[in-house]
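Fit chain B to the supplied structure of chain A, relying on the hints for placement.
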Amino acid sequence: MESNLHGIMVPHVPTLLEYGMNNKPSAVVSEMREFGRRMKAWGVTAVVVATTHWRTGDRFLIDDAPLHRTMTTYAGFRQQVEYDCPGQPELAGILRQAGERNLVFTGVERHGADHAVTVPLHFMFPDRDVPVVPLSIAGTPLGAFRWGRTLGRAIRRWGGKVLFVASGSLSHDLDCFFVTGRVLPGYEEFDRQMLGLLAEGKGMDAPGIKPELIGLAKPEGGFRDLFMLLGVLGSRARGVVRAYEKLPGVGMAVVEFADCRESDDEWLVEHDGLVH
Amino acid sequence: MTEGNRAADREILGFYNRGDREQALRLFIDEYQPRLYTLAYRMMGNHDDAMDALQEILIQVNRSLSTFKGDSALYTWAYRLGSNVCLNYRRRKKPAPVEWDEEIVRSVMRPVERPNEDPDQMCETRYKQFLVRQAVLKLPETQRVILVLHDLEGVSSTEIARILDVNAGAVKARLHRGRNALRKIISRGFAVKGMEGAGMFSVGPSGRLL
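As given, the protein sequences belong to chains A and B, one line each in that order.
Residues 1 to 276 in our numbering are what the first sequence lists, from first letter to last.
Residues 1001 to 1210 in our numbering are what the second sequence lists, from first letter to last.
Since the hints were derived computationally from the structure, they do not count as laboratory data.
It cannot be assumed that every hint is accurate.
If you anchor each label on the Cβ, the simulated ranges turn out as follows [to be verified]:
#1 Asp1020(B) to Arg110(A): 25 to 33 Å
#2 Arg1010(B) to Pro66(A): 51 to 59 Å
#3 Lys1138(B) to Trp42(A): 54 to 62 Å
#4 Arg1177(B) to Glu90(A): 54 to 62 Å
#5 Lys210(A) to Gly1189(B): 28 to 36 Å
#6 Arg1092(B) to Glu90(A): 29 to 37 Å
#7 Arg101(A) to Thr1067(B): 15 to 23 Å
#8 Gly1014(B) to Ala75(A): 16 to 24 Å
A virtual CB, placed ideally from N, CA and C, is assigned to each residue, including glycine.
If we strip away everything but chain A, and leave its shape as in the complex, we get:
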């Protein structure tokens, strides 16, 4: 049976808006646009976004608003975007309940559409007609993986076609980007290793990259967004790298993932322990 889940990792650097609006060539922008067209053709009914610009300590939060107003959370960029978009309160409620039943201790809060939501969706779904559920990132990578696994099950049972988005950059050293501009080889090396792992279906190995390289690159979500995505789609989900571009200290990649979870229904129906 065809899966109702698809996943993607995208950047949201506001510089992309400038590329997009001035028609500067950008592989990242082109691929996000193309991917959005394919998702529309697939019949996507909702987008669930793990936003690295919504960090909430140790509690995973869900925005269940029927309409998400644009939050302009970036200063100093010439181009800005308005992207008010519909929410999906029903799906948000299902995710919250799944979290509670599985002891993930989630909560609901009105956050809005920050630029980790607005920038990529502006390119992927310019008509603003696909309902969105923003999720915060929180806790440890292991906790994020557990939450992702719960999310994946709940979304599969919900049945609508859902795109899960992990929105964040690979390397993400804002000191380099905004202040020093001193580009070190380690940024690209980190990005290269990350993309290699994702392409091999070994994203769970990412925290095993040399600590000094991770310390330099400062990956935007501290792997939490990635681990949520791998929880949703399966720990061995292989990524297809659609595009990669770099800015000083920042690695921007578009990596597409298909659902790789094996059916576990047999286990679930026999056993009343796991709650969904």
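Just chain B, lined up with the frame of chain A:
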């Protein structure tokens, strides 16, 4: 068990006994989730099954914390429960090839911010651990479970006997047989899935695992 663990247990049970189950569970998860996940990963051999087993362990802890009598550390109690969940899960799941990679599970546990130890020493140690665990995977399941619990997880024979519902003598006998079988596997040489090009691994003339 450290004083820190004891203090954490007191705090968890304190919240639970005062009726704040959510806070008790949150603290329990903060304190024990990584170790229970390590147990589950060692028993299941892959992340997805390990996470499902962990989820089930947490749900059972939530259901049965009220039955905890305090005659052991909370973790020992949860460990016993977790071991049984993993064993049941393995029995119910269709057998699947086990892909064991200790480095992966360790990397998941390792906080990103933690300073590294000496990288050369770390690599050598991890490599040896990885090879030993690959050899353990060659053992029959009954011996493997006991070796994992006793030699990798440090659970006592008495505790394993309670977990598996067998007598302590049987545990010691299986442990003895398992260790002998492991020695034979290592001395004969064994292949590692995904590393076939490296040939057979065995004990070299210096007694080191190569």
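Checklist entry - Which hint numbers doesn't this structure obey? => result 2, 3, 8
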